[in-house]
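Protein chains: 2
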Amino acid sequence: MGKNLKVHFLPFETDVHVAPGAFLLDAIKKAGLPFKSSCGGKGTCGECVVQVLNGRGKSRPSAALSDDLAGQGYVLACQTEVTENLTVELPQFQEISIKTLLDAKFIEENKDKISAVFEVKPAVKRVELTVPRPTLEDHAGDLERVRRALLKKTGIKEANWEYSVLRNLAESVRAKDGVIDTVLFKDKQDWTVLDIEPHQAGKRISGLACDIGTTTIALYLADLVTGKILGAASSYNQQLKCGEDIISRINYAAEPARLEELQGLAVSTINHLIAKAVKDARVSPSDIYYGSFAGNTTMTHLFLGIPPRYIREEPYVPTLNEVPQLAARELGLAMNPRARVQCAPAVGSYVGGDITAGLLATPILRDASKISLFIDAGTNGELVVGNKDWLVTCACSAGPAFEGGGMKSGMPASEGAIEALKLEPNGKVLYRVVGGGKPRGLCGSGLVDLMAELFVYGYIDKNGKFNESKLGSRLVLNGNGLGFLVEEGKNCHWGKDLVITERDITNLVRTKGAVYSACSLLLKNVGLTFDRIDAFYIAGGFGQHLDIENAIRIGLLPDLPREKFHYLGNTSLWGAYLILLSEQNGEMVNAIAKKMTYVELNTEPGYMHEYTGALFLPHTEIGLFPTVRKLIAP
Amino acid sequence: MGKNLKVHFLPFETDVHVAPGAFLLDAIKKAGLPFKSSCGGKGTCGECVVQVLNGRGKSRPSAALSDDLAGQGYVLACQTEVTENLTVELPQFQEISIKTLLDAKFIEENKDKISAVFEVKPAVKRVELTVPRPTLEDHAGDLERVRRALLKKTGIKEANWEYSVLRNLAESVRAKDGVIDTVLFKDKQDWTVLDIEPHQAGKRISGLACDIGTTTIALYLADLVTGKILGAASSYNQQLKCGEDIISRINYAAEPARLEELQGLAVSTINHLIAKAVKDARVSPSDIYYGSFAGNTTMTHLFLGIPPRYIREEPYVPTLNEVPQLAARELGLAMNPRARVQCAPAVGSYVGGDITAGLLATPILRDASKISLFIDAGTNGELVVGNKDWLVTCACSAGPAFEGGGMKSGMPASEGAIEALKLEPNGKVLYRVVGGGKPRGLCGSGLVDLMAELFVYGYIDKNGKFNESKLGSRLVLNGNGLGFLVEEGKNCHWGKDLVITERDITNLVRTKGAVYSACSLLLKNVGLTFDRIDAFYIAGGFGQHLDIENAIRIGLLPDLPREKFHYLGNTSLWGAYLILLSEQNGEMVNAIAKKMTYVELNTEPGYMHEYTGALFLPHTEIGLFPTVRKLIAP
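Top to bottom, those sequences are chains H and D. Just so we're aligned, residue 21 is where the first sequence starts under the working numbering, counting upward by one. Just so we're aligned, residue 21 is where the second sequence starts under the working numbering, counting upward by one.
If you're looking for bench data, these hints aren't it; they were derived computationally from the structure. Misleading hints may appear alongside valid ones.
[What the hints assert, rightly or not] Here are the simulated lysine-lysine pairs, DSS-like style, with alpha carbons at most 25 Å apart:
no.	chain 1	residue 1	chain 2	residue 2
1	H	LYS177	D	LYS614
2	D	LYS141	D	LYS172
3	H	LYS208	D	LYS62
4	D	LYS177	H	LYS177
5	D	LYS62	D	LYS49
6	D	LYS133	D	LYS408
7	D	LYS131	D	LYS141
8	D	LYS172	H	LYS614
9	H	LYS177	D	LYS615
10	D	LYS133	D	LYS172
11	D	LYS173	D	LYS223
12	H	LYS614	D	LYS173
13	D	LYS223	H	LYS173
14	D	LYS614	H	LYS172
15	D	LYS615	H	LYS172
16	H	LYS49	H	LYS23
17	D	LYS145	D	LYS196
18	D	LYS614	D	LYS206
19	H	LYS177	D	LYS208
Starting from the given sequences, assemble the full structure and let the hints guide the process.
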C-alpha cells in the first residue's frame with residue numbers, strides 16, 4: 021500500500037484521507053458527509069452520482085449512469101476507486117440557484133401591501149466628505165479635520181471609530197486631496213465610522229440579506245443606495261452533516277469543539293454563497309458593509325457560536341432573543357471585516373427571527389380590523405395569528421419534507437426541481453421544471469401537487485397507502501416496495517427513475533398533519549375558528565408557486581374560500597432584506613418580537629387528538645373538507 | 021562547523037542564530053540590539069557585561085569583571101563564545117524598579133493641590149446582579165433577564181455587548197444560581213458590558229496607568245475600587261533598538277513592516293511590565309479591564325500602529341490628537357482582551373498626551389490668578405505656561421541625557437542609580453544610590469548635581485570644558501580623553517570605574533540649554549518674563565529628587581526665588597493614573613488639550629540666539645543668574 025490519498029469534497033470544503041484503491045463512497049462516509057445511496061453500493065440505484073473536478077478515479081461502467089453524464093466527469097461513488105488525489109463535488113448538495121423574486125417590479129407592486137416600510141434608508145450609508153488640507157496655523161490632526169467635515173456635512177457630532185480606519189486615515193485623507201468616502205453605521209442614536217477611503221466615483225456600497233434555514237440557506241446581495249438586488253444564491257446548510265433537524269444539531273453542539281464546528285459550517289455555507297453572489301454581481305466583498313440575518317432561534321445561536329443547550333432543556337429559554345450588533349470579523353464572514361451584522365430577534369426558543377422578520381413581509385400588521393393566520397412551513401413549522409394589535413404564535417415540528425429533505429426524490433426548489441405537476445386521466449404525468457431541462461427531483465410544491473393528484477386519482481387512499489389494484493406502468497413494484505414512477509430515468513437529469521415511495525408519502529402526511537393540527541389548535545387557544553380568519557399567508561421553501569387547491573386537497577390547508585390564501589415564498593429572506601433596506605424596519609421587527617405571545621402546543625389538551633386526526637388525507641373528519649369530499653365522492 | 025546555535029535575549033525576547041564559537045557581543049550586534057561597549061571587544065572596558073540565565077558559554081577571565089559578578093553568571097559578551105543555546109539578559113536594559121510614589125499617604129497629602137479631581141470613580145466598574153431563574157411562563161432569554169436585572173440595579177436601559185460575553189452567558193448565569201459579576205464600561209453616555217462572570221466574593225477589578233516614554237516606559241497597576249496602587253514597574257522602551265529619538269523612530273516606521281515592529285516592541289515592553297506588576301500584586305491579567313496610557317504624540321501613534329510620517333512633514337499634523345476608545349485585544353495587550361484602552365489626547369505633533377495628562381497632576385488649572393510654568397524634560401522637552409483660563413505650550417528637543425540615555429555612565433532613575441551627589445573640597449565624592457548598594461550609574465538628578473559641583477569647584481569652565489590644571493586622582497586622562505572619576509570600579513556594581521567624560525558634559529549642556537532657552541522664548545512669545553511666573557513645576561525622569569539649587573547653578577532653571585520651584589517627578593504616569601481613577605479626569609484632560617495653544621519655537625525670531633546663549637554654564641549672560649555669579653566670583 022502506498023501513502024494515503026486526499027479527497028477534497030465540495031461544497032463542504034472537507035478533506036479526507038483514504039488508502040489507495042478505497043471506494044469513493046467509503047471516502048464520503050469516512051468524511052461524515054450526509055449522502056443518499058440506497059442500493060448499498062451495488063451500482064444499481066445511481067443515487068451516489070458525484071462529479072470529479074480534479075484528478076481521475078478508476079470507475080467501473082454502470083447502467084445507472086448515462087453516457088452523457090459520464091462524459092461530464094460524473095461517476096458513481098460506489099463504483100469508483102480512489103487512485104490519486106481528487107476533488108469531488110457532491111451534486112446532492114451543490115448550490116441551489118434561486119430566482120430573484122424581489123426585483124424592482126415586484127417591490128413596486130407590493131410596497132403598499134406589507135407591514136414593513138418600503139424605503140431605502142439603511143442603517144449603513146456612504147457619505148462623501150471633503151477634508152480641508154492641514155496648515156501650519158492649525159495643528160488639528162487628520163481625525164479632527166475629518167470630524168469637522170463630518171459635522172458640517174451631516175450634523176453628526178460624536179462617532180465611534182473602527183480601529184483599522186484610524187490606522188489608514190492619514191493616507192486615505194491625502195490620496196485624493198481630501199475627498200473621502202466615509203461609511204457610517206447607525207445603531208439607535210449612535211454612529212460608528214466603519215470605513216474611510218479615498219473617494220471613488222460610482223463605487224458601490226452593498227449589503228446582504230440572509231435566511232439561515234435548518235436545511236437551506238439563501239441570500240440576496242443588494243445595493244444599499246438603490247435597494248436593487250444585485251445577486252442571489254442559496255444552498256443546503258452544510259450543518260446537515262451534523263444532523264438534519266434542530267434537536268440533533270443541539271445535541272451535536274454539546275461539546276465546545278462541535279459548537280465551533282457548527283458555527284464554522286454555517287459561516288462556510290454563507291461565505292460560499294457570498295462568493296457566488298459577488299461574482300455574479302461584480303461586487304467586491306469588502307464593499308459589503310451590512311448583513312441582515314434571519315433564522316430560527318437554534319440556527320441563530322449556532323451561527324453566533326452560542327451554546328443552544330438550554331433551548332431544549334426546561335424551561336426552554338434561549339440565551340438571547342434580541343441579538344446585539346456584531347462585526348462581520350467576529351463571525352468570520354467574507355464581507356468587509358468591519359461590516360455590521362444584525363440578526364432578526366426571536367420570540368423564544370421555538371419561534372425565531374425567521375418568523376419575526378417574515379411578518380414584516382406580510383400585510384398582517386397593516387390592519388387591526390382583519391385577523392390573519394401566518395404559516396411558515398420550513399423544517400420547523402411556525403404559526404402566527406393576529407393583527408396590528410395582537411399576535412399569538414406557536415411552533416410545530418414539521419420536518420424537512422417540503423424542502424425536499426428526507427425524501428428519496430425530494431430536493432429544494434432549485435434548478436431541476438419539479439415545482440408543479442398534474443396527472444392526466446390516462447396516467448400521463450405533466451410537470452414544470454425550475455429552469456427548464458430534465459428533472460432532478462421534486463420540490464415542496466411539486467410534492468404537494470403529486471400527493472393531491474395521487475389521492476384524487478385513487479393511487480393512494482386516505483391513509484396514504486398505495487392502492488395495489490392500480491399496479492401498472494406508473495405504480496410499480498421494485499426493491500424499495502411500491503412506488504409511483506414520476507418520470508423514467510432516461511428523461512431525468514441523473515439518468516435514474518424519479519419515484520415516490522410509500523415512505524415518502526407517509527413523511528409528507530406527517531408534515532402536513534403537523535401543520536394543519538397546529539393551525540387548528542392555535543385558533544382554539546385564542547378562541548377562534550378557521551372561518552373567522554380573513555387571510556391565510558403561507559410561507560416556506562415549497563417553491564415559487566404552491567397550488568392552494570392541492571394543498572387543501574391533501575389537508576395541509578383548511579377548506580375555505582380560495583381567495584383567502586396567499587402564498588408568499590421565503591418570507592424570512594424577504595424580511596431580512598426589508599431590515600437591510602431600512603433602519604426603521606429593524607426597529608419594527610424588534611417591536612413585533614416583543615408584541616408576540618408564545619403558546620406551547622405540546623402541553624395543550626387535545627394535542628394528540630388533533631394531530632392524529634390530521635394524519636389522513638385530507639382529514640379523519642372529512643366534514644371539515646366539503647369541497648374535497650365532493651371531489652372524491654364515488 | 022556544526023549547526024547554528026540560538027541565543028535568546030531578554031528583556032527584548034529576541035532570538036538570533038549564530039555559528040558555534042561566535043562571540044556573544046557579535047550575537048548582540050547581529051540581533052540589532054542597542055548595546056554599549058567602548059573598548060571594541062578587548063575585554064577592558066567591562067561595559068558589555070551580560071547575565072547568562074540558561075546554558076553556558078565559554079568565557080575568558082577578565083580583570084574587568086569581578087569574581088562576585090562572575091559567580092552570579094555574569095560574563096563579558098566580548099570574551100564569551102557561544103557553544104550551546106543560551107538565554108542571556110542584557111543588564112543595560114533590565115527592568116527598572118520604580119518606587120510607588122503614589123501610595124495612599126501621598127494621595128491624601130496632595131489631593132487638594134492638583135488640577136484633577138481625586139476620586140475613585142473610574143469609567144469601568146463591577147456590579148453584582150441577581151438574575152431571576154427562567155420559568156415556563158416567561159420565555160425571556162438569559163440576555164433579556166440580565167438586562168432587566170441591570171436596569172433594576174443601575175438604571176441602565178441600553179448597553180452594548182461584547183460578543184464573547186454573549187457566548188458564555190448561559191453558563192455564567194447558571195453557575196451561581198443567577199448571581200453574576202458584571203463589568204461595565206462607560207464612554208460618555210454609552211455603556212458597554214465588558215464581562216459577565218459567576219459571582220466571586222472579593223474578586224479584584226484592576227486597571228493600568230502607563231507612561232509610554234521614548235526612552236522608558238513605566239506603569240502602575242491599581243485597584244479600581246479603592247484606587248490603591250497594587251504594583252509598579254518600569255523599563256527601557258524596547259523600541260530603543262530601532263532608534264533613540266523620535267525622529268529616528270519615525271524614519272524607521274516608514275515601512276509598514278517596521279511600523280508593525282515598533283508597535284510590537286511597545287506592546288512587548290508593556291506586556292513585560294504588566295507581567296511583573298501582576299505577579300507582585302497577585303492579580304490575574306484577565307481582571308485588568310481598563311488601561312490609561314499617556315505618551316508623546318509619536319509614541320502614541322507607534323503604540324497604536326498608526327503611521328507617524330506626517331508628524332515630521334510640514335505642516336506637521338498628527339493623524340489624531342484625541343484617540344477613540346479601543347479594546348485591549350486590538351493592540352495585543354496582556355490584559356483582559358475586552359479591556360478598554362484610553363490614550364491621553366495630544367495638542368499637536370510635538371505636545372502629546374504625556375503633557376496633557378501631566379497637567380492634571382499639577383496645580384496649574386486650579387487658579388486663574390497665578391501664572392505657572394510647567395517643564396517636562398524627558399527625551400523631548402515640553403513646556404506649558406498659563407493658568408486656569410489659558411495655556412500656551414511649546415516643545416524643544418532636549419535629548420535623552422536626563423534619562424541617562426546617550427551617556428557613558430548615565431542610567432534611568434532606577435536601582436543602583438546615583439540620584440544625588442556632592443563634592444567635598446578635598447575632592448571626595450559623596451552620593452546616594454537608589455535602593456542602596458553599589459552604584460551602577462548616574463540618573464538625571466545625579467548628573468545635574470555632578471555638573472553643578474564640577475562647575476562650582478572649577479573642574480569644568482563655563483563652556484563645559486575640563487580644566488586641565490585639575491588633573492589628578494579625580495580628573496583623569498584615559499583612552500577616552502579627560503574624565504571625572506565619580507567612583508572607582510572596585511566600589512561599583514559592574515566592577516568598572518564610573519566616569520563622566522567631556523562629551524557627556526557637552527551632552528548635558530545642550531540638553532539644559534535647550535530647556536532653558538525654550539522657557540525663555542515661550543515667555544517672550546506670551547509677553548511675559550521669568551519674574552512674572554508664580555510657580556515652576558518641573559517634571560521628567562530625573563529621579564525622585566531634583567536639587568533645584570544645582571539645576572539653577574547649571575542654568576537649567578532660571579535664577580529665581582527657590583520657593584517657586586516644585587519638582588513633581590513623572591507627571592505623565594501620575595496623570596495617566598488620575599485618568600484611570602476617574603472618568604471625570606478623562607473628560608478634563610480632553611478639555612485641557614482643546615484649551616492649549618501650540619507655539620512653534622523653531623520659527624520664532626531669536627531662536628538660535630537664545631539657544632546658543634544658553635550653551636554656557638549657567639548662561640552667556642551671567643547677569644541672568646545673580647546668585648550663581650556670586651557663588652563663582654573669585
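We went through each hint and held it up to the structure:
In summary, the hint linking LYS177(H) to LYS614(D) is supported, as the alpha carbons are separated by about 16 Å, within the 25 Å threshold. Note on LYS141(D) and LYS172(D): the hinted pairing holds, with a Cα-Cα distance of about 21 Å set against a maximum of 25 Å. Under the criterion of a C-alpha separation no larger than 25 Å, the hint pairing LYS208(H) with LYS62(D) is inconsistent with the structure, at around 70 Å. For the hint linking LYS177(D) to LYS177(H), the alpha-carbon distance of about 22 Å falls within 25 Å, and the restraint holds.
Taken as a hint, the LYS62(D) and LYS49(D) pair is honoured in the structure, with Cα atoms around 16 Å apart against an allowance of 25 Å. Of the pairs offered as hints, the one joining LYS133(D) and LYS408(D) holds, with about 13 Å between alpha carbons and a cut-off of 25 Å not exceeded. Between LYS131(D) and LYS141(D) the CA atoms are separated by roughly 15 Å; this keeps the pair inside 25 Å, and the hint holds. Note on LYS172(D) and LYS614(H): the hinted pairing holds, with a Cα-Cα distance of about 19 Å set against a maximum of 25 Å.
The hinted pair formed by LYS177(H) and LYS615(D) meets the criterion: a straight-line CA distance of about 19 Å does not exceed 25 Å. As the CA atoms of LYS133(D) and LYS172(D) are separated by approximately 39 Å, the hinted pair breaks the 25 Å bound. Pair hint LYS173(D) plus LYS223(D) holds up; C-alpha atoms about 20 Å apart against a cutoff of 25 Å. The hinted pair formed by LYS614(H) and LYS173(D) meets the criterion: a straight-line CA distance of about 22 Å does not exceed 25 Å.
Distance check on the hinted pair: LYS223(D) and LYS173(H) sit about 48 Å apart at the alpha-carbon level, beyond 25 Å; violated. Restraint check for LYS614(D) and LYS172(H): the C-alpha separation of about 19 Å stays at or below 25 Å, so the hint holds. A C-alpha spacing of about 22 Å is found between LYS615(D) and LYS172(H), which places the hinted pair at or below 25 Å, so the restraint holds. Annotation: proposed proximity of LYS49(H) to LYS23(H) holds, straight-line Cα distance about 20 Å (limit 25 Å).
In summary, the hint linking LYS145(D) to LYS196(D) is supported, as the alpha carbons are separated by about 20 Å, within the 25 Å threshold. At roughly 22 Å between alpha-carbon atoms, LYS614(D) and LYS206(D) fall within 25 Å of each other, so this suggested pair holds. A hinted pair counts as satisfied when its Cα atoms are at most 25 Å apart, and LYS177(H) with LYS208(D) qualifies at roughly 13 Å.
Going through the hint list in order, the structure does not satisfy hints 3, 10 and 13.
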